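Asks: If you want the building blocks of each chain, they are given just below.
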Amino acid sequence: MSAAALPEAQVVAAQRCASCPKMCRSACPTLAVTANERHQPWGHARTVVAALGGQDGFAEPATVAAAFACATCGACTVPCLVKGVETTELSWAVRAAVFDAGATPAAGLRAVAEASAGRVRVADSPPAWTDPAATLDALRRLATPGADLLLLPGCGALGHRPEAALAAGRALRGLGIAFTVLDEHRCCGAPARSFGDTAAAVAMLDRLGAAIAAAAVRRVAVQSPSCAHLLATHAPGPAGVAVEPLAGVLAAGLASAGTPAGHGRVAYHDPCFLARHLDHTAEPRAVLRTLGHEVVELRGRGATTACSGGGGGLPLTHPAIADGYRDRLAAAVAEAAGAGAAALVTGCATCAARLAGAVPVPVLELAEACAAALEARR
Amino acid sequence: MSLLAPALLDELRAAVGDAGVSTDPADRDAVAHDLWPRALIRERGGERLPGPDAVVWPSTRGQVAAVCAACHRAEIPFTPFGAGTGVCGAAIPVRGGVVLDLKRLDRILDWDLETGWVRVEPGLLGSRLEDACRERGRTTGHHPSSLALSTVGGFVATRSAGQLSTRYGRIDDLVAGLEAVLPDGTEVSLRPEPAAGAGPDLRRLFLGSEGGFGVIVEVTLRLHPLPERRVDHAAVFGGFAEGIAAVRELLQAGLRPSLLRLYDLADTALQAAELGVGEGSGALLLASCEGRAAVAEAEAAELAAICAAHGASARDPAAVEAWYTRRDDIGFAQARYLPLAGAVLDTVELAAPWSRLAALHEAVRRRIGGRLIVLCHLSHGYPDGACLYFSFAGVAEEEAGAVPLHELLWEEVMAAAAETGASIAHHHGAGLARAPYMAAELGAGGVEVLRRLKAALDPGGVANPGKWGL
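Protein chains in written order, with this note's numbering: chain A, 1 to 378; chain B, 1 to 470.
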């Protein structure tokens, strides 16, 4: 393995991050959970600098441990104004260097292998995975062949909370929006990126791009936030195909559907990739308000939203830290429940799966809330 | 591997649980130093500071006491550690042993809004406390530029001052009471009082103690109502001396602006471009008066009149708002330039009475100018003097010359303080950076008092040893 596996721009970023007086420390959930000085962007960057000059390079155990002790939630990017540093990009680059060094945690390799095979690994110990085929079949029964909108639930919905994927189909249908689905599940490659397997990530993205082209649609509605982010930034499909988060499609559809009677107060949780990485915060709230809900805001929302710990492969490599993330978010939800929120709605199926049972109110993914309200109106 | 005896490690684990003790080299390395520039430069040059033998994370004061007692009995050093963002090396465990990481002691324990007190644990980040205060219509008024990256315990242990200290006071003025664990594990409660007069003020013993007298485990801070109104004023004086004269007059007249910063000519040239206040000649003053609206407006009018009487020309007060938007951003520049080979960056804050302030400014510039860029602003004003805050930047010809250049910088600045009778520190603490100069600062008698206090409270010499030059 060679330390040169890290692109020069990211070498500079790591050096700057390691030289920073920890300006983002108050934002980092890993530091908040562990109280361990090494577990924050500054500490993680120091292990990168050490790897660049060290004997073991990116196979150095401390570097590997740091590389994956992060949900890539991007909370640190909000306070960071260091020129040339984009911490999430740095994290992905370091993970790729670790992969090149052959030091990726086995749990990550297993998750990538299953994503390549069209399955979703949802836990590593004990191992658990889901096969999205049955959910896709059920969705297909709600779909309209030849529709110009492709619904792409993504691994988050299909793997972690299939009922959210089905609700997406029910909600679109309830709004009179015709959609189609792929013949089989194609992962966008985000899990491979999370574990540094760049070649696998590119191959998965290319396969998904080809599948979108074959579907001959004009729009793609993506339900899983990390998938929406990756597709928005890498645009694998043919030119002219618009990719947007499902929340935007639902908001637009509801805008012309009339305002129903009130459905009570709900808290809304902004998923990291939807709110922080894609700046998609108004649309989910528009959905809820159009459905007649009063939205109770959580402590930490929009760009400063709290992460559920489901991203970046964190539950597979550092489940205790991931649970700590979830517990911090759950405390904010409990506070909102105390302020009158009767349910929590989140724009992310993975977050919904992680929070269900950990908070004192029912948890719904946005499409589930939408489908339930539309069906109750009929 | 850890050099600590297995029996001590067992005792520490019994005190805080297995998960609360680590001898992992990566955990120890992360607390091997704070942000003292000398340590950062040495690390950039390839040196790894040895760090502690173990890191311990207590989550209750009882656990702190048990850890201190165990270290005391075993004669093993311990060093309290908050966020590790001090800039003088106070948190560097120079003799190894145990780093006592206080981040799990981060609770807000109690509000007494009628009195205007909040009781907190030492590991609480300043920004979290301030956010909670603001939700209740209060502020501590304590806003160092490190607010989001430093802890209440760190504020107290290093005698920090915030950007608005001219109005709200430094942390010394904000501490109403505190509780501490002495080096042998004895718990001490110095209850909060608005004022007290029975004997020496023992609270003050722990202000600036940097862990040398034990561990601060609880602090009661004074609160202020959020200001109803803030009135900003920007002005440019013909020279730094004219600005100093105006600032002295307004402080001695009883005005207490919250923000009060007067930049020297070199710093003005830099600030003026960033804040949009003209061509950057002269000495720029940024000020805010805040509180009840009528009082703030009247105070600002008096301040403007005094400045004008000293020949200042007013500028668009939007420059002050521009300053507030970037008030905490200095660390981003450090991140960018510190990695450069040979780079030396540091700040040194000194204090002097009005009668010696100009001489101090001149002495520092004379001794350092030509070797490093020297910028200076006056802030933290008092009726009898002020802090001069110097920023230094330069590059040694080669990396090996960076540490000697940094050493020379400190030697010269401390010599300038000695030459002019200034205090060697205003609010960054002493730590390792100022250890060689403590005798000059305190005098032989003062050092003897400090030495005897240390010996009485920490007979084993286990509490953050190697600091203060003792």
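Source of the hints: derived by calculation from the structure; they are not laboratory data.
Predicted, not measured: the structure shown is a model, and the values here were computed from it.
All residues carry an ideal CB built from backbone N, CA and C; glycine is no exception.
Honestly, I wouldn't trust all of these hints.
Unchecked claim - Examples of chain B residues lying across from chain A (beta carbon under 8 Å, computed):
| no. | residue |
| --- | --- |
| 1 | Ala148 |
| 2 | Leu338 |
| 3 | Ala341 |
| 4 | Val403 |
Asks: Less than 8 Å between beta-carbons is the criterion; does Ala148 of chain B satisfy it with respect to chain A?
Replies: holds (4 Å)
Asks: Min Cβ distance, Ala341 of chain B to chain A: is it shorter than 8 Å?
Replies: With Cβ-Cβ at 11 Å, over 8 Å, it is violated.
Asks: Grab the minimum C-beta distance from Val403 of chain B to chain A and call the hint holds if it beats 8 Å, violated otherwise.
Replies: violated (16 Å)
Asks: When the nearest CB of chain A is found for Leu338 of chain B, is that gap smaller than 8 Å?
Replies: holds (4 Å)
Hint check: violations occur at hints 3, 4; the rest are consistent with the structure.
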